[in-house]
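Trainee: Sequence:
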Amino acid sequence: MAKPNGQAPILVAGGGIGGLAAAHALARKGFAVRVLEQAPEFREIGAGIQLGPNIFRVLEKLGLKDAVLADAHRPSALEMRCALSGERVTRMPLDGRFIAKFEQPYAVTHRHDIHGVFLKACRDNNLVTLETSRTVTDFEQDEGGITVTLQSGEQVRGRALIGCDGMWSRVREKIIGDGKPLVSGHIAYRAVLKRDEVPNDLWQPDMILWAGPRTHLVHYPLRRGELYNLVAVFHSKRYVEGWNAEADAGELWAHFNGQRPEVLRMLERIETWRMWVLCDREPVKEWSKGRATLLGDAAHPMLQYLAQGACMATEDAYWLAQKAAEQPDDLPAAFRAYVQQRYLRTARVQIMARVYGEFYHARGPAAELRNQMLGPRTPEESYEGMAWLYGGM
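Note that our numbering has the sequence shown beginning at 1, numbered continuously upward.
There could be a bad hint or two in this list.
[Unchecked claim] Calculated pairs, EDC-like style, for lysine to aspartate or glutamate (alpha carbon to alpha carbon, straight line, at most 20 angstroms): (1) Lys120 <-> Glu131; (2) Lys29 <-> Glu60; (3) Lys237 <-> Glu226.
What the hints contain is simulated information worked out from the structure, not anything from laboratory work.
Required output: the full structure, derived from the provided sequences and hints.
Mentor: In C-alpha coordinates form, the structure reads like this:
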(Lines of atoms letter the chains of each structure in order from A; the text may use other names.)
(Lines give C-alpha, C1' and ligand atoms only; values in the text may rest on other atoms or scores of the structure.)
Protein backbone atom coordinates (compact mmCIF):
# COMPACT_ATOMS: atom_id res chain seq x y z
CA MET A 1 0.00 0.00 0.00
CA ALA A 2 1.27 3.43 -0.94
CA LYS A 3 1.98 5.88 1.89
CA PRO A 4 1.67 9.67 1.61
CA ASN A 5 4.87 10.28 3.61
CA GLY A 6 4.17 14.00 3.59
CA GLN A 7 4.08 14.13 -0.21
CA ALA A 8 1.77 16.50 -2.05
CA PRO A 9 -1.68 15.02 -2.72
CA ILE A 10 -3.01 13.71 -6.00
CA LEU A 11 -5.37 16.37 -7.35
CA VAL A 12 -8.76 15.42 -8.77
CA ALA A 13 -10.55 17.96 -10.98
CA GLY A 14 -14.27 17.29 -10.56
CA GLY A 15 -16.37 15.89 -7.75
CA GLY A 16 -18.95 13.90 -9.67
CA ILE A 17 -19.33 10.13 -9.50
CA GLY A 18 -16.05 9.49 -11.32
CA GLY A 19 -14.04 12.03 -9.32
CA LEU A 20 -15.25 10.79 -5.95
CA ALA A 21 -14.85 7.15 -7.00
CA ALA A 22 -11.24 7.91 -7.94
CA ALA A 23 -10.61 9.74 -4.66
CA HIS A 24 -12.06 6.88 -2.64
CA ALA A 25 -10.18 4.19 -4.57
CA LEU A 26 -6.86 6.05 -4.31
CA ALA A 27 -7.32 6.77 -0.60
CA ARG A 28 -7.93 3.06 0.02
CA LYS A 29 -4.47 2.50 -1.44
CA GLY A 30 -2.94 5.05 0.92
CA PHE A 31 -2.72 8.08 -1.37
CA ALA A 32 -3.62 11.55 -0.14
CA VAL A 33 -6.19 13.10 -2.49
CA ARG A 34 -7.51 16.62 -2.91
CA VAL A 35 -10.78 16.94 -4.84
CA LEU A 36 -11.43 20.29 -6.56
CA GLU A 37 -15.12 20.70 -7.45
CA GLN A 38 -16.25 23.74 -9.44
CA ALA A 39 -19.82 23.85 -8.03
CA PRO A 40 -20.58 25.46 -4.65
CA GLU A 41 -21.60 22.07 -3.27
CA PHE A 42 -21.05 18.40 -3.99
CA ARG A 43 -24.16 17.17 -5.74
CA GLU A 44 -25.12 15.15 -8.79
CA ILE A 45 -27.38 16.62 -11.49
CA GLY A 46 -29.71 14.18 -13.19
CA ALA A 47 -32.04 11.39 -12.27
CA GLY A 48 -31.93 7.64 -12.73
CA ILE A 49 -29.01 5.54 -13.90
CA GLN A 50 -28.69 1.83 -14.54
CA LEU A 51 -26.03 -0.25 -12.83
CA GLY A 52 -24.87 -3.43 -14.54
CA PRO A 53 -23.09 -6.37 -12.91
CA ASN A 54 -19.74 -4.91 -13.97
CA ILE A 55 -20.07 -1.89 -11.67
CA PHE A 56 -21.20 -4.06 -8.77
CA ARG A 57 -18.08 -6.17 -9.26
CA VAL A 58 -16.06 -2.98 -8.72
CA LEU A 59 -18.23 -1.64 -5.90
CA GLU A 60 -17.72 -4.89 -4.04
CA LYS A 61 -13.94 -4.49 -4.30
CA LEU A 62 -14.27 -0.88 -3.09
CA GLY A 63 -16.41 -1.90 -0.12
CA LEU A 64 -19.49 0.03 -1.29
CA LYS A 65 -21.78 -2.55 -2.90
CA ASP A 66 -24.20 -2.91 0.02
CA ALA A 67 -24.46 0.86 0.50
CA VAL A 68 -25.40 1.38 -3.15
CA LEU A 69 -27.92 -1.47 -3.15
CA ALA A 70 -29.60 -0.10 -0.01
CA ASP A 71 -31.30 2.70 -1.99
CA ALA A 72 -31.45 1.00 -5.38
CA HIS A 73 -34.31 -0.78 -7.13
CA ARG A 74 -33.72 -4.19 -8.65
CA PRO A 75 -36.02 -4.74 -11.65
CA SER A 76 -36.97 -8.30 -12.52
CA ALA A 77 -36.32 -7.78 -16.25
CA LEU A 78 -35.16 -5.45 -19.00
CA GLU A 79 -37.80 -5.26 -21.70
CA MET A 80 -38.08 -3.64 -25.13
CA ARG A 81 -41.48 -2.94 -26.66
CA CYS A 82 -42.47 -1.45 -30.00
CA ALA A 83 -43.77 2.10 -29.46
CA LEU A 84 -46.08 1.78 -32.49
CA SER A 85 -47.62 -1.69 -32.10
CA GLY A 86 -47.11 -2.24 -28.37
CA GLU A 87 -45.68 -5.70 -29.04
CA ARG A 88 -42.84 -6.99 -26.91
CA VAL A 89 -39.64 -7.16 -28.95
CA THR A 90 -37.41 -8.85 -26.37
CA ARG A 91 -37.12 -9.44 -22.64
CA MET A 92 -34.04 -10.19 -20.54
CA PRO A 93 -34.93 -11.68 -17.13
CA LEU A 94 -32.74 -10.55 -14.24
CA ASP A 95 -33.51 -13.52 -12.04
CA GLY A 96 -31.33 -16.30 -10.70
CA ARG A 97 -30.17 -17.27 -14.17
CA PHE A 98 -28.76 -13.77 -14.67
CA ILE A 99 -27.04 -13.86 -11.27
CA ALA A 100 -25.62 -17.31 -12.01
CA LYS A 101 -24.17 -16.02 -15.27
CA PHE A 102 -22.63 -12.76 -14.00
CA GLU A 103 -22.36 -13.33 -10.22
CA GLN A 104 -23.67 -9.80 -9.61
CA PRO A 105 -27.08 -8.07 -9.78
CA TYR A 106 -28.54 -5.46 -12.10
CA ALA A 107 -30.09 -2.42 -10.43
CA VAL A 108 -31.27 1.11 -11.08
CA THR A 109 -30.67 4.04 -8.77
CA HIS A 110 -30.86 7.80 -8.49
CA ARG A 111 -27.64 9.59 -9.41
CA HIS A 112 -27.86 11.51 -6.14
CA ASP A 113 -27.94 8.25 -4.18
CA ILE A 114 -24.85 6.60 -5.66
CA HIS A 115 -23.02 9.94 -5.63
CA GLY A 116 -23.93 10.22 -1.95
CA VAL A 117 -22.38 6.83 -1.23
CA PHE A 118 -19.07 7.90 -2.77
CA LEU A 119 -19.26 11.29 -1.05
CA LYS A 120 -19.74 9.70 2.39
CA ALA A 121 -16.88 7.29 1.75
CA CYS A 122 -14.59 10.21 0.89
CA ARG A 123 -15.70 12.24 3.91
CA ASP A 124 -15.03 9.25 6.15
CA ASN A 125 -11.41 8.97 4.96
CA ASN A 126 -8.93 11.47 6.38
CA LEU A 127 -6.71 11.10 3.30
CA VAL A 128 -9.37 12.82 1.15
CA THR A 129 -9.81 16.60 1.16
CA LEU A 130 -13.00 17.90 -0.49
CA GLU A 131 -13.18 21.48 -1.74
CA THR A 132 -15.96 23.34 -3.57
CA SER A 133 -16.06 26.45 -5.81
CA ARG A 134 -12.67 25.41 -7.21
CA THR A 135 -12.66 25.44 -11.02
CA VAL A 136 -9.51 24.06 -12.66
CA THR A 137 -8.61 26.10 -15.75
CA ASP A 138 -5.01 25.12 -16.50
CA PHE A 139 -2.02 23.14 -15.27
CA GLU A 140 1.73 22.87 -15.72
CA GLN A 141 3.95 19.99 -14.71
CA ASP A 142 7.60 19.34 -13.98
CA GLU A 143 9.70 16.44 -12.72
CA GLY A 144 8.60 16.98 -9.14
CA GLY A 145 4.86 17.42 -9.55
CA ILE A 146 2.06 19.43 -11.10
CA THR A 147 0.73 22.94 -10.54
CA VAL A 148 -2.96 23.59 -11.18
CA THR A 149 -4.34 27.06 -11.83
CA LEU A 150 -7.85 27.77 -10.58
CA GLN A 151 -10.34 30.21 -12.07
CA SER A 152 -9.68 32.49 -9.11
CA GLY A 153 -6.02 32.70 -10.10
CA GLU A 154 -4.88 30.63 -7.14
CA GLN A 155 -2.38 27.87 -7.81
CA VAL A 156 -2.50 24.43 -6.21
CA ARG A 157 0.42 22.01 -6.10
CA GLY A 158 0.05 18.25 -6.30
CA ARG A 159 1.84 15.03 -7.21
CA ALA A 160 -0.43 14.45 -10.18
CA LEU A 161 -3.76 15.52 -11.70
CA ILE A 162 -6.76 13.39 -12.65
CA GLY A 163 -9.21 15.15 -14.94
CA CYS A 164 -12.71 14.05 -13.94
CA ASP A 165 -14.26 17.23 -15.30
CA GLY A 166 -16.69 15.60 -17.68
CA MET A 167 -17.73 15.90 -21.29
CA TRP A 168 -16.41 19.46 -21.73
CA SER A 169 -13.17 18.76 -19.83
CA ARG A 170 -10.58 21.53 -19.67
CA VAL A 171 -7.98 19.02 -18.57
CA ARG A 172 -8.65 16.95 -21.70
CA GLU A 173 -8.18 20.01 -23.88
CA LYS A 174 -4.68 20.43 -22.45
CA ILE A 175 -3.80 16.72 -22.76
CA ILE A 176 -5.46 15.81 -26.08
CA GLY A 177 -6.72 19.06 -27.58
CA ASP A 178 -9.41 17.56 -29.82
CA GLY A 179 -11.93 20.37 -29.48
CA LYS A 180 -15.60 20.10 -28.61
CA PRO A 181 -17.52 16.83 -28.20
CA LEU A 182 -19.35 15.35 -31.19
CA VAL A 183 -23.05 16.21 -31.25
CA SER A 184 -25.04 13.05 -31.95
CA GLY A 185 -28.23 14.71 -33.17
CA HIS A 186 -30.15 13.10 -30.30
CA ILE A 187 -31.76 14.94 -27.38
CA ALA A 188 -32.78 13.37 -24.05
CA TYR A 189 -35.60 14.72 -21.88
CA ARG A 190 -35.76 13.46 -18.32
CA ALA A 191 -38.22 13.69 -15.47
CA VAL A 192 -38.93 11.97 -12.16
CA LEU A 193 -42.40 11.26 -10.83
CA LYS A 194 -43.53 10.26 -7.36
CA ARG A 195 -45.10 6.83 -7.10
CA ASP A 196 -48.61 8.19 -6.59
CA GLU A 197 -48.30 10.31 -9.75
CA VAL A 198 -48.08 7.21 -11.95
CA PRO A 199 -51.39 5.50 -12.83
CA ASN A 200 -51.47 1.97 -11.47
CA ASP A 201 -51.95 0.41 -14.90
CA LEU A 202 -48.81 2.15 -16.17
CA TRP A 203 -46.60 1.35 -13.19
CA GLN A 204 -44.06 -1.35 -14.03
CA PRO A 205 -41.43 -2.82 -11.69
CA ASP A 206 -39.22 -3.63 -14.68
CA MET A 207 -37.12 -1.37 -16.87
CA ILE A 208 -39.23 -0.81 -19.99
CA LEU A 209 -37.92 0.69 -23.23
CA TRP A 210 -40.44 1.76 -25.86
CA ALA A 211 -38.57 1.76 -29.19
CA GLY A 212 -40.02 4.04 -31.83
CA PRO A 213 -38.96 5.52 -35.17
CA ARG A 214 -36.09 7.86 -34.24
CA THR A 215 -37.38 7.95 -30.64
CA HIS A 216 -37.46 5.92 -27.48
CA LEU A 217 -38.93 6.21 -24.00
CA VAL A 218 -37.49 4.35 -21.05
CA HIS A 219 -39.00 4.19 -17.55
CA TYR A 220 -38.29 2.37 -14.31
CA PRO A 221 -38.70 2.79 -10.52
CA LEU A 222 -36.08 4.48 -8.36
CA ARG A 223 -35.22 4.69 -4.66
CA ARG A 224 -36.76 1.40 -3.53
CA GLY A 225 -39.81 2.08 -5.74
CA GLU A 226 -40.71 5.47 -4.24
CA LEU A 227 -39.96 7.37 -7.48
CA TYR A 228 -40.42 6.72 -11.19
CA ASN A 229 -37.77 7.75 -13.71
CA LEU A 230 -38.59 8.67 -17.30
CA VAL A 231 -36.19 9.47 -20.13
CA ALA A 232 -37.48 10.33 -23.61
CA VAL A 233 -34.97 10.53 -26.47
CA PHE A 234 -35.52 11.77 -30.03
CA HIS A 235 -33.53 13.02 -33.00
CA SER A 236 -33.02 16.79 -33.17
CA LYS A 237 -30.43 19.26 -34.46
CA ARG A 238 -30.89 21.48 -31.41
CA TYR A 239 -27.73 22.07 -29.37
CA VAL A 240 -27.47 23.29 -25.76
CA GLU A 241 -24.32 22.70 -23.72
CA GLY A 242 -24.76 21.07 -20.32
CA TRP A 243 -26.94 18.47 -18.61
CA ASN A 244 -29.78 20.45 -17.10
CA ALA A 245 -31.37 22.83 -19.63
CA GLU A 246 -35.09 23.57 -19.57
CA ALA A 247 -36.93 21.44 -22.12
CA ASP A 248 -39.61 22.35 -24.68
CA ALA A 249 -42.58 20.01 -24.23
CA GLY A 250 -43.92 20.98 -27.65
CA GLU A 251 -40.83 19.61 -29.36
CA LEU A 252 -41.21 16.37 -27.42
CA TRP A 253 -44.84 15.88 -28.43
CA ALA A 254 -44.06 16.54 -32.08
CA HIS A 255 -41.66 13.59 -32.13
CA PHE A 256 -43.81 11.13 -30.15
CA ASN A 257 -47.05 11.90 -31.95
CA GLY A 258 -48.89 8.74 -33.03
CA GLN A 259 -47.22 6.34 -30.62
CA ARG A 260 -48.90 3.90 -28.26
CA PRO A 261 -51.40 5.25 -25.67
CA GLU A 262 -49.20 3.84 -22.89
CA VAL A 263 -46.33 6.01 -24.12
CA LEU A 264 -48.40 9.15 -24.55
CA ARG A 265 -50.19 8.77 -21.22
CA MET A 266 -46.85 8.41 -19.45
CA LEU A 267 -45.51 11.54 -21.13
CA GLU A 268 -48.69 13.43 -20.16
CA ARG A 269 -47.89 12.93 -16.48
CA ILE A 270 -44.85 15.19 -16.71
CA GLU A 271 -45.19 18.87 -15.85
CA THR A 272 -41.50 19.87 -15.88
CA TRP A 273 -38.86 18.35 -18.15
CA ARG A 274 -35.10 18.86 -18.12
CA MET A 275 -33.01 18.05 -21.19
CA TRP A 276 -29.51 17.46 -22.46
CA VAL A 277 -28.01 17.03 -25.93
CA LEU A 278 -26.34 13.66 -26.34
CA CYS A 279 -22.67 13.90 -27.28
CA ASP A 280 -19.66 11.62 -27.41
CA ARG A 281 -16.17 11.53 -28.93
CA GLU A 282 -14.14 9.23 -31.11
CA PRO A 283 -12.18 6.74 -28.98
CA VAL A 284 -8.54 7.61 -28.37
CA LYS A 285 -5.67 5.30 -27.46
CA GLU A 286 -3.88 7.68 -25.09
CA TRP A 287 -5.37 10.09 -22.56
CA SER A 288 -2.42 10.62 -20.22
CA LYS A 289 0.44 13.08 -20.45
CA GLY A 290 3.09 12.76 -17.78
CA ARG A 291 1.52 13.37 -14.38
CA ALA A 292 -1.90 14.23 -15.80
CA THR A 293 -4.55 11.71 -16.86
CA LEU A 294 -8.28 11.55 -17.51
CA LEU A 295 -11.16 9.46 -16.16
CA GLY A 296 -14.80 8.83 -17.08
CA ASP A 297 -16.48 11.21 -19.53
CA ALA A 298 -13.34 13.35 -19.73
CA ALA A 299 -11.49 10.33 -21.15
CA HIS A 300 -14.14 8.45 -23.14
CA PRO A 301 -17.55 10.17 -23.30
CA MET A 302 -20.22 7.86 -24.67
CA LEU A 303 -23.85 7.95 -25.69
CA GLN A 304 -26.19 6.62 -23.02
CA TYR A 305 -27.62 3.68 -24.97
CA LEU A 306 -25.67 1.05 -23.03
CA ALA A 307 -26.22 2.87 -19.71
CA GLN A 308 -22.52 2.63 -18.90
CA GLY A 309 -21.27 6.16 -18.18
CA ALA A 310 -21.11 5.83 -14.40
CA CYS A 311 -20.13 2.17 -14.68
CA MET A 312 -17.11 2.91 -16.88
CA ALA A 313 -16.03 5.82 -14.67
CA THR A 314 -16.13 3.59 -11.59
CA GLU A 315 -14.18 0.86 -13.38
CA ASP A 316 -11.64 3.54 -14.36
CA ALA A 317 -11.30 4.62 -10.73
CA TYR A 318 -10.59 1.09 -9.56
CA TRP A 319 -7.93 0.43 -12.20
CA LEU A 320 -6.33 3.84 -11.78
CA ALA A 321 -5.84 3.14 -8.07
CA GLN A 322 -4.55 -0.37 -8.77
CA LYS A 323 -1.92 0.83 -11.23
CA ALA A 324 -0.92 3.77 -9.00
CA ALA A 325 -0.40 1.41 -6.06
CA GLU A 326 1.82 -0.81 -8.21
CA GLN A 327 4.09 2.13 -9.10
CA PRO A 328 3.53 4.79 -6.42
CA ASP A 329 6.89 6.44 -7.07
CA ASP A 330 6.38 6.67 -10.84
CA LEU A 331 2.86 7.97 -11.41
CA PRO A 332 3.45 8.82 -15.09
CA ALA A 333 4.23 5.14 -15.70
CA ALA A 334 1.25 4.12 -13.56
CA PHE A 335 -1.03 6.35 -15.61
CA ARG A 336 0.25 4.85 -18.85
CA ALA A 337 -0.47 1.37 -17.49
CA TYR A 338 -3.95 2.48 -16.43
CA VAL A 339 -4.77 3.78 -19.92
CA GLN A 340 -3.40 0.61 -21.48
CA GLN A 341 -5.71 -1.39 -19.20
CA ARG A 342 -8.78 0.66 -20.12
CA TYR A 343 -8.68 2.09 -23.63
CA LEU A 344 -9.93 -0.91 -25.63
CA ARG A 345 -12.76 -1.75 -23.24
CA THR A 346 -14.01 1.83 -23.08
CA ALA A 347 -13.61 2.26 -26.84
CA ARG A 348 -15.81 -0.79 -27.40
CA VAL A 349 -18.50 0.68 -25.16
CA GLN A 350 -18.29 4.03 -26.98
CA ILE A 351 -18.72 2.33 -30.36
CA MET A 352 -21.39 -0.15 -29.30
CA ALA A 353 -23.43 2.58 -27.61
CA ARG A 354 -23.79 4.19 -31.02
CA VAL A 355 -24.89 0.84 -32.50
CA TYR A 356 -27.50 0.35 -29.79
CA GLY A 357 -28.83 3.84 -30.49
CA GLU A 358 -29.45 2.73 -34.07
CA PHE A 359 -31.26 -0.39 -32.80
CA TYR A 360 -33.48 1.57 -30.44
CA HIS A 361 -34.44 4.20 -33.03
CA ALA A 362 -34.81 1.95 -36.05
CA ARG A 363 -37.74 2.55 -38.40
CA GLY A 364 -39.31 0.75 -41.35
CA PRO A 365 -37.45 -2.36 -42.56
CA ALA A 366 -34.61 -1.71 -40.11
CA ALA A 367 -37.07 -1.99 -37.21
CA GLU A 368 -38.51 -5.21 -38.65
CA LEU A 369 -35.04 -6.69 -38.98
CA ARG A 370 -34.24 -5.67 -35.40
CA ASN A 371 -37.38 -7.37 -34.14
CA GLN A 372 -36.64 -10.53 -36.12
CA MET A 373 -33.11 -10.62 -34.73
CA LEU A 374 -33.97 -9.95 -31.08
CA GLY A 375 -37.40 -11.56 -30.81
CA PRO A 376 -36.45 -15.27 -30.85
CA ARG A 377 -33.56 -14.93 -28.39
CA THR A 378 -33.66 -17.05 -25.24
CA PRO A 379 -32.60 -15.50 -21.92
CA GLU A 380 -29.34 -17.42 -22.14
CA GLU A 381 -28.66 -16.01 -25.60
CA SER A 382 -29.41 -12.51 -24.32
CA TYR A 383 -26.94 -12.99 -21.47
CA GLU A 384 -24.27 -14.27 -23.84
CA GLY A 385 -24.76 -11.22 -26.02
CA MET A 386 -23.93 -8.97 -23.06
CA ALA A 387 -21.16 -11.10 -21.57
CA TRP A 388 -18.40 -8.91 -23.07
CA LEU A 389 -19.75 -5.99 -21.05
CA TYR A 390 -21.37 -7.38 -17.91
CA GLY A 391 -18.79 -10.10 -17.40
CA GLY A 392 -15.83 -7.72 -17.27
CA MET A 393 -14.58 -4.72 -15.36
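Trainee: Each hint: holds or not?
Mentor: Right, here's what the structure says about each hint:
This hinted pair checks out: lysine 120 and glutamate 131 have alpha carbons roughly 14 angstroms apart, not beyond 20 angstroms. A hinted pair counts as satisfied when its Cα atoms are at most 20 angstroms apart, and lysine 29 with glutamate 60 qualifies at roughly 15 angstroms. In summary, the hint linking lysine 237 to glutamate 226 is not supported, as the alpha carbons are separated by about 35 angstroms, beyond the 20 angstroms threshold.
Checked against the numbered hints listed earlier, the structure breaks hint 3 alone; every other hint is satisfied.
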